[in-house]
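Residue strings, one per chain:
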Amino acid sequence: MWLRVVGLGGGLLALVSPATRGQAAVEARFRTERLAMVSAIEVYGVRDRLTLDALRRVPRHEFVPDEYRTDAYGDHPLPIGYGQTISQPYIVAYMTEMLRVAPGMKVLEVGTGSGYQAAVLASVGCDVYTVEIFQALAESAEARLQRLGYAGVRLRHADGHFGWPEAAPFDAVIVTAAAGYVPPALISQLKPGGRMVIPVGSVYGVQNLILVQKSAEGAVTTENLLPVRFVPMLSGLR
Amino acid sequence: MPARPVAVALVAAGTLVYEVLLVRLFAIAQFHHFAYMAIGVAMLGFGVSGSALALVGKPGAARNPARLAWSATLTPIALLLSPALATRIPLDATQLAVHPHQWLLVVLLYAVLALPFAGAALVTLLALALEAQRPGLTYGASFLGSGVGALLSIALLWLLPLPQALSFSALIAAFGAIALLRTDVPRAVPVFAWTALIAAAAVTARPISRLHVSPYKGLPQVEAFPGARRVAESWSPLGWVVAVDAPAFRFAPGLSLTYEGEFPPQTALFLDGELSGTVAGGQAMVPAFADWLPSSVAYALGTRERVAVIAAGGGLEVSNALGHGAGQVTAVELLPEVARLAAPPPPGDARVRWIVQDGRSFAARTTDRYDLVTIGPEGGPGNTIAGVRALSEDFLHTTDAYRAYLRLLRDGGVLAITRWLSVPPREPVRVVLAVADALRRDGHAPDQALVVAHSWATVTVLAKPNGFTASEVASIRAWTAQRQLDVDWYPGVTAPTAQFHRLDQPVLFLAARQSTAGEDSSRGFARRYPFDVAPRSDARPYPHHFLRPAALQVFLARGRGEWLPFSEWGVLALFATLAQSLVAAFAFLIVPALVAVPPHGRPGLLRLASYFGLIGFAYLAAELAIIQQLSLLLGHPVYAVGLVLAGLLVGSGLGSIWSDRQALKKPWLPLALLATVSALLGALLLHAVHAVQATPLPARAGAALAALAPLAFLMGLPFVTGLRRLAGTDGARIAWAWAANGFASVVAAPVAALIALEAGSQTLLLAAAGVYGVAALLLRSAHQPGPS
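One line per chain: the protein sequences are A and B, in this order.
Throughout the first sequence, residue numbering follows numbering that gives the first Met the number 0, covering 0 to 237 in sequence.
Throughout the second sequence, residue numbering follows numbering that gives the first Met the number 0, covering 0 to 787 in sequence.
The set of hints was computed from the structure by calculation and includes no laboratory data.
Quick caveat, the model's predicted, so the values are computed rather than measured.
Note that the Cβ used here is the ideal one computed from N, Cα and C, for glycine as well.
Honestly, I wouldn't trust all of these hints.
To be verified - Among chain A residues calculated to face chain B with C-beta under 10 Å, some are:
| id | residue |
| --- | --- |
| 1 | D158 |
| 2 | Y180 |
| 3 | V181 |
| 4 | P183 |
| 5 | I186 |
| 6 | V211 |
| 7 | V219 |
| 8 | T220 |
| 9 | T221 |
Using the sequences plus the hints, can you model the full thing?
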């Protein structure tokens, strides 16, 4: 009897190849780092449970170039090519929290980039519309989101300055690529009672992060939040 | 002419051209503060050569002629290869904080950049050792060559693009190697020397390194926009100007959120790769959004017939003035290339007059008077927020500047200053305090003469010396309300009224209230504010420097200490340079000295190193202070650097050469005189600058040179007299003296910059005077070394 048990165990072990065991270890490490990242973000002041849970679920390392995967969970932006960056995790969390996202909300994102922010919003349960100006980035983000199970995210290769008029209005708008001004189209496509988070100011370099709120009556106010670095928001197809 | 001094002069000229142009190259390829740090540390190559020669000098002195020939031959090769190699190092300065391996690349960069400095330093040092009987001629040749190099570097930027101008430095140095062929040199040297010359000429004609702009800067980003194309490009000593047409590019600082109109095509304007503004398609096309910009709030008071736009840039505010009915607009812009791009082609617009001049000189010289003097937010707020301009002198935003602009106003005229709103607010707060201060000093009542308004991204400060009437205030409030802009302060306001764009605290209201309540109240507010927002004068013209220790607490309280590097990069670069310089000085000077010099020789070496270290510091401190003050006189730091460097170096060269002919019975006397002249300049120079500011540029340049001449001549004496007194003809001691002087100069740069930043240029000059005085005492107490 014990020989059969040993044989069965050995056979099972043989099925799990060294490569698979190695990959599992890598994934476990990424998970550990992801949880540590979220813990740090929580210490920094982000409290929204939906946002934090989404960040725990979304594998950020799948959204960065291979050469930066080991850095994926450091709290800093990383280059993703074409002069663009994936935002630092704290900023993703902060912006998501500022939007007060909830399941079922319709959210417009301008600047898909790698798709990480869109994945976080989708993980919260939002109905996500995301616009990316660079075709190569749009295509790679779309393929990545499909592969990782975020097929519900609607992605468009388009000019972000004009928003997504066919799907408007939106409960929230998030802009992850900096602009030198607030595009009027984004304000008009925001629902009364909606919130927009956008870095504004210098197109390249450090900007202010502002929260734009539209009241039930349609009045628009802003609140300055914190300095942040973003890539530019582009207008026009490439 | 003797071959060695000629070689020294030519190599020194080439190296100085390299140094000045390398700073420009790195400022474009990376960022200004990184350029400052990288090149500041690389100049340690000067000192390292001294340490190296001191360690091997005496035993191998017979080989010095050969070493000199090889150093002179290899320096131009290093000048050619160094920038080419440096631009190929895959350094990403933005990743320094998170990827430690980037620091290895930084060290490699330093080594690559330092090679030409080390080579050039060896040339001078070996020539000094070989011509120890007449060090004045050799050292004087080094000064003279450097002075010519300073002038050449400016001239080259008018004639050649930067990569080619940089290669030209190798060509100059290669002629130095050729000059040495008249002396006894190793057989292989002529081949290498002529090869270096030919290669330098070839590379100047066809550069091997191209200009690589950091992908994080504005220019490559906008050029990546769909449909973008470069429409203009020019080089000058004042900067690399590029204009790019891109349908996706829009520039509308602080545009009202209620604007629903169109955006016209805009041409992006870049200076050294950074966004500088926009060319608004010529004055014929006034953008529709102009009336929705916060900077237009002055037009709520009605048509402003005569308008002066200071630092007009691409002309957005010029268009704005025309769009609001101005009959005469004077656009003042320092960069001729920018003015050329902004002004429409002939026949132009008869209402607009473009003046290519710096704003302060214009304000000092013009007799015209205006209904509105306006300064818009140049470029974007990124650099303001990031503190990259913290180290840059800016005479356009001192209290003295604002007083000058107020004097340009007609009866009923208004001064309008718009700045980017950073978080926490810094620059706009300083502007509020400075404008109130300027009004008060001119005898006006700030509480009646000040209006402050802000949008989500900008703050506009209005000053009307006659005071705002009740109807004017009502007009401004109606205009801003329609555009959903907040008015923080106006005559009669008693509480914060911001409703559209909320800040953490009503800082702008508080700043205006305190600054208009009186001078003591204003100072108290500035003292209590977490950032240094006290108004700046011309003596301390750093209006973009805000960091103080309390500011660290503000950022740390937000829980994101990493933001600090984004907020005051300039000052952090200064401290980083100082720290690295001190470590390198310890590793490459102090440790080798302790190893090589026996204990009984160390007191003498300490005196030697102290003396040459002190004069190295004092020279650089005086140079920096004078450059700063003459920047105001000459209208741009580039001209000031060129003139001051050339004037000081040529004058010092003449002084050094003269010292060979004069046996000074009291060698400490020139130092005492230097201390006196430096102190006098510290007390009087800035006043003299203000007095002659209204004269034409050639007269100002002549006045500057006249003020510099006595100081420059005297500054050429301490090194040479010190060599005679303390080092004699001992090659090793000469090398240690050189090393100490070289390291002190490098450490002195950030220290002097910090003194200027915190205490002003007058204090810096007085500090230089004090150091020269200490050096005089050291020399006076020293005994001349015996024959070695």
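These are the hints, each one checked on the structure:
no.: 1; hint: D158; in the structure: holds, 8 Å
no.: 2; hint: Y180; in the structure: holds, 5 Å
no.: 3; hint: V181; in the structure: holds, 6 Å
no.: 4; hint: P183; in the structure: holds, 5 Å
no.: 5; hint: I186; in the structure: holds, 6 Å
no.: 6; hint: V211; in the structure: holds, 7 Å
no.: 7; hint: V219; in the structure: holds, 5 Å
no.: 8; hint: T220; in the structure: holds, 5 Å
no.: 9; hint: T221; in the structure: holds, 4 Å
Checked against the numbered hints above, the structure violates none of them.
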